[in-house]
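This is what each chain is made of:
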Amino acid sequence: MMDKQQTQEFIAKRVAQELQDGNVVNLGIGLPTLVANFVPADKSVDFQSENGFIGLGPVPADGNEDWNIVNAGGSCVTILPGGVFFDSATSFGIIRGGHVDITVLGALQVAENGDIANYMIPGKMVPGMGGAMDLLSGAKKVIVAMEHTAKGNPKLLKKCNLPLTAVKAVDLIITEMGVIEVTPEGFVLVERNPEYTVEQIQEATEATLHVSPKLKEMAV
Amino acid sequence: MMDKQQTQEFIAKRVAQELQDGNVVNLGIGLPTLVANFVPADKSVDFQSENGFIGLGPVPADGNEDWNIVNAGGSCVTILPGGVFFDSATSFGIIRGGHVDITVLGALQVAENGDIANYMIPGKMVPGMGGAMDLLSGAKKVIVAMEHTAKGNPKLLKKCNLPLTAVKAVDLIITEMGVIEVTPEGFVLVERNPEYTVEQIQEATEATLHVSPKLKEMAV
Amino acid sequence: MDKRITLKEAVDMIKDGSVIMVGGFLACGTPDKLIDALVSKGVKDLTLICNDTGTPERGVGKLVATKQFKTIYATHIGTNKETGRQMMAGETEVHLIPQGTMAEQIRAAGYGLGGFLTATGVGTEVEKGKQVLEVDGKTYLLEKPLKADFALIYADVADTKGNLKYRGSTRNFNPVMAAAADVTIVEARKVVPVGEIDANDVVVPGAFVNYIVEEK
Amino acid sequence: MDKRITLKEAVDMIKDGSVIMVGGFLACGTPDKLIDALVSKGVKDLTLICNDTGTPERGVGKLVATKQFKTIYATHIGTNKETGRQMMAGETEVHLIPQGTMAEQIRAAGYGLGGFLTATGVGTEVEKGKQVLEVDGKTYLLEKPLKADFALIYADVADTKGNLKYRGSTRNFNPVMAAAADVTIVEARKVVPVGEIDANDVVVPGAFVNYIVEEK
Numbered sequence: 001m002m003d004k005q006q007t008q009e010f011i012a013k014r015v016a017q018e019l020q021d022g023n024v025v026n027l028g029i030g031l032p033t034l035v036a037n038f039v040p041a042d043k044s045v046d047f048q049s050e051n052g053f054i055g056l057g058p059v060p061a062d063g064n065e066d067w068n069i070v071n072a073g074g075s076c077v078t079i080l081p082g083g084v085f086f087d088s089a090t091s092f093g094i095i096r097g098g099h100v101d102i103t104v105l106g107a108l109q110v111a112e113n114g115d116i117a118n119y120m121i122p123g124k125m126v127p128g129m130g131g132a133m134d135l136l137s138g139a140k141k142v143i144v145a146m147e148h149t150a151k152g153n154p155k156l157l158k159k160c161n162l163p164l165t166a167v168k169a170v171d172l173i174i175t176e177m178g179v180i181e182v183t184p185e186g187f188v189l190v191e192r193n194p195e196y197t198v199e200q201i202q203e204a205t206e207a208t209l210h211v212s213p214k215l216k217e218m219a220v
Numbered sequence: 001m002m003d004k005q006q007t008q009e010f011i012a013k014r015v016a017q018e019l020q021d022g023n024v025v026n027l028g029i030g031l032p033t034l035v036a037n038f039v040p041a042d043k044s045v046d047f048q049s050e051n052g053f054i055g056l057g058p059v060p061a062d063g064n065e066d067w068n069i070v071n072a073g074g075s076c077v078t079i080l081p082g083g084v085f086f087d088s089a090t091s092f093g094i095i096r097g098g099h100v101d102i103t104v105l106g107a108l109q110v111a112e113n114g115d116i117a118n119y120m121i122p123g124k125m126v127p128g129m130g131g132a133m134d135l136l137s138g139a140k141k142v143i144v145a146m147e148h149t150a151k152g153n154p155k156l157l158k159k160c161n162l163p164l165t166a167v168k169a170v171d172l173i174i175t176e177m178g179v180i181e182v183t184p185e186g187f188v189l190v191e192r193n194p195e196y197t198v199e200q201i202q203e204a205t206e207a208t209l210h211v212s213p214k215l216k217e218m219a220v
Numbered sequence: 001m002d003k004r005i006t007l008k009e010a011v012d013m014i015k016d017g018s019v020i021m022v023g024g025f026l027a028c029g030t031p032d033k034l035i036d037a038l039v040s041k042g043v044k045d046l047t048l049i050c051n052d053t054g055t056p057e058r059g060v061g062k063l064v065a066t067k068q069f070k071t072i073y074a075t076h077i078g079t080n081k082e083t084g085r086q087m088m089a090g091e092t093e094v095h096l097i098p099q100g101t102m103a104e105q106i107r108a109a110g111y112g113l114g115g116f117l118t119a120t121g122v123g124t125e126v127e128k129g130k131q132v133l134e135v136d137g138k139t140y141l142l143e144k145p146l147k148a149d150f151a152l153i154y155a156d157v158a159d160t161k162g163n164l165k166y167r168g169s170t171r172n173f174n175p176v177m178a179a180a181a182d183v184t185i186v187e188a189r190k191v192v193p194v195g196e197i198d199a200n201d202v203v204v205p206g207a208f209v210n211y212i213v214e215e216k
Numbered sequence: 001m002d003k004r005i006t007l008k009e010a011v012d013m014i015k016d017g018s019v020i021m022v023g024g025f026l027a028c029g030t031p032d033k034l035i036d037a038l039v040s041k042g043v044k045d046l047t048l049i050c051n052d053t054g055t056p057e058r059g060v061g062k063l064v065a066t067k068q069f070k071t072i073y074a075t076h077i078g079t080n081k082e083t084g085r086q087m088m089a090g091e092t093e094v095h096l097i098p099q100g101t102m103a104e105q106i107r108a109a110g111y112g113l114g115g116f117l118t119a120t121g122v123g124t125e126v127e128k129g130k131q132v133l134e135v136d137g138k139t140y141l142l143e144k145p146l147k148a149d150f151a152l153i154y155a156d157v158a159d160t161k162g163n164l165k166y167r168g169s170t171r172n173f174n175p176v177m178a179a180a181a182d183v184t185i186v187e188a189r190k191v192v193p194v195g196e197i198d199a200n201d202v203v204v205p206g207a208f209v210n211y212i213v214e215e216k
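Chains as they are written, first to last, in the working numbering: chain F, 1 to 220; chain V, 1 to 220; chain R, 1 to 216; chain U, 1 to 216.
No lab work stands behind these hints: they were computed from the structure.
Derived SDA-like pairs: lysine to any residue, alpha-carbon spacing no greater than 20 Å straight-line:
1. F:140 - U:210
2. U:138 - R:142
3. F:43 - U:193
4. U:130 - R:136
5. R:147 - U:138
6. U:130 - R:133
7. F:124 - R:85
8. F:141 - U:183
9. R:128 - F:123
10. U:144 - R:137
11. U:81 - V:122
12. R:147 - V:98
Quick list of simulated restraints, FRET-style, between CB atoms:
13. R:41 - V:64: 50 to 60 Å
14. U:136 - F:73: 31 to 41 Å
15. V:197 - R:70: 56 to 66 Å
16. U:13 - R:88: 51 to 61 Å
17. U:17 - F:22: 21 to 31 Å
18. V:22 - R:201: 16 to 26 Å
19. V:199 - R:15: 44 to 54 Å
20. R:17 - V:159: 40 to 50 Å
21. R:71 - U:139: 21 to 31 Å
22. R:66 - V:61: 54 to 64 Å
23. F:65 - U:192: 25 to 35 Å
24. U:6 - R:71: 56 to 66 Å
Computed, partial: chain V to chain R, Cβ under 8 Å:
25. 44
26. 84
27. 93
28. 138
The model shown is predicted, which means the values in this text are computed figures rather than measured ones. C-beta atoms are modelled at their ideal positions from N, C-alpha and C, and glycine is treated no differently.
Bound conformation, chain F alone (with noise of 0.2 Å):
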């Protein structure tokens, strides 16, 4: 059994797997920041902070900070060279317009017909949808990083019941249980990791989970 930090950089590893050579993607805050640490040395990823730039890079060592500098979590960062720096239109403008290859967020909930909850439950103090909203319905390619349940819980549903943060959104959700595809039909295995069998797997789900005739080993 993995702890919760080995779990984090294993679905943070399997995530980085997905990007391609020259993509444009964002990451959410907590899980899908983690992503940044993988990309495969062969290829050239630039990552978008929505508050305004492209080609965000590592943390400054101490001392090196630069305040006016830093990510949309309000943390001090860098930007590497090739970088651009833009206004919060134009970070939108590039969002909205298709132009962010992938964007990885975390979720409460994803419904198998690809709706999505990460932003608000009833009752308790509402934090914003920030520009979650305008990720989702705007990248190119969602995907949903984050445990495959909450304490046990199943987070994969037939339908949210939480506020939606978008509607049809999610293409892919990556789990330390599995990688699953949401398509028309619903939600389909793509991959299994080997600690979890498809039954354990589907027990953690709500839904249906249809097996892909090409299931294959999670490996990262």
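Given chain F, put chains V, R and U in place with the hints provided.
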């Protein structure tokens, strides 16, 4: 009697009196372009060129042309210190958003409700409206600068019969005969060229000219 | 035309009940001196349009702490628990807007558009109360312009005409806000004479700017 | 990722019937080498989206002279009598669009908006066939996005990733077109290595650009 050139300069000089310190002004091609030559020395006025800059300067001396700096008529011009280049979406954002204080254009016809026709004569080759419709709907103040009649035929009408460029757009009309405000009550003559009587100006105008109780003589 | 004024002249214009939009993203690119002066002035019942409400100690968060806002339009308030508390307690009216939609609404106001169609928010709570249009087989929300009495924005360098340049991610909402208010006041790290900024490198044209306060 | 290709590789992509948008304003800021190569290739039945049609000898006017367009969307064709002749003779379908509306339509396509509301053209011939909406007491036309198969644009300097800079009034429609086509090809006066353009001074992000042809 003024000849054609004198008439145009007379009108342009009078238009120049309307420019206020700090104004951003867009001048149409032809007569309106002359206005730039008569800006009062104590006023700082920035001219906008809708193809992409503010700070339009004089025509360069022969041999000093930079073909990367042309005006909306395609002629070589210059940019003054403090000027700024931008793209067409920004340029028309400036125009549409009311950040151009005054636009000066010619017209084929102006109606007493402010309707204007200045881009199209049915049956003749249609050159296109260019930026005129946006300027008319967006500029804070629209001044029509033109000769009062077309070879004796009135251009200030009860109603335009040519296809409109914009509806209820004109604020002020300046001709060689006088200065006419467009008000909810119709045309109001506020200044008169002393060479013409009010009756002569009315005769050259199809719509009713209300004479302002504060009627002044035009002085340029 | 020199657009420089003092910090005091700037805040003197802002009255109780004013609608202000403030640049910055988690307090990066926020006009801090203007915020501090508004805190000192104690002006109240303000309406805020801003990406977020900073933190309780930084950015517009300081004005949240002093309860100077009646209404807030933001995309995310998660970094300032006091905003959430005021919202839950019904002390402050908070409207949450998708970030791209807010940027575009502000641009629409400044650029003279009556609204725009976006797929962002279709089928979500954001759709409530809005006109839904189908165009060429796709469903969109009609989003309206968002304007203010005052835009309080930041710039790295301004010339005295108000032409602005930025550095890093301080840009964010500042350029769109510049055009979208009746009065735009820039807090500039540095003010230079006209002609010192290359006309090809200006990010915000001075035509959008009314006043400049220099950071000192 | 080096986006440079040869002029031949660029024009090889463009086929009979393609929809192209071309940057430039009266041939200032037009990708001349790409135009010349299209003339040589003789590709036909093109649809053009461009501010104007240049002159018979300059800019896209060369492609008008060789009758390579089936349809033209422009704001002004008065500087090229041949376009007017083809229009009057019914040889070419010409759609005239207000300049600000065209710029915004192209931006809407590139920035993922379903359309926008503008007062430009209300009560004129431009209104014909369009949805008229009243919002908060004001009347607007709903204008839809304008997109293309190929954007052929110009830049003064490009880095190999496609980040672009401009000089003077060559900018015009080039930046908005960059985002609005399936494939964007830049003709750059000069190409520099990545990192040579200051990230604060880039006008068009390389994310919009697919290919670069260097002027030689």
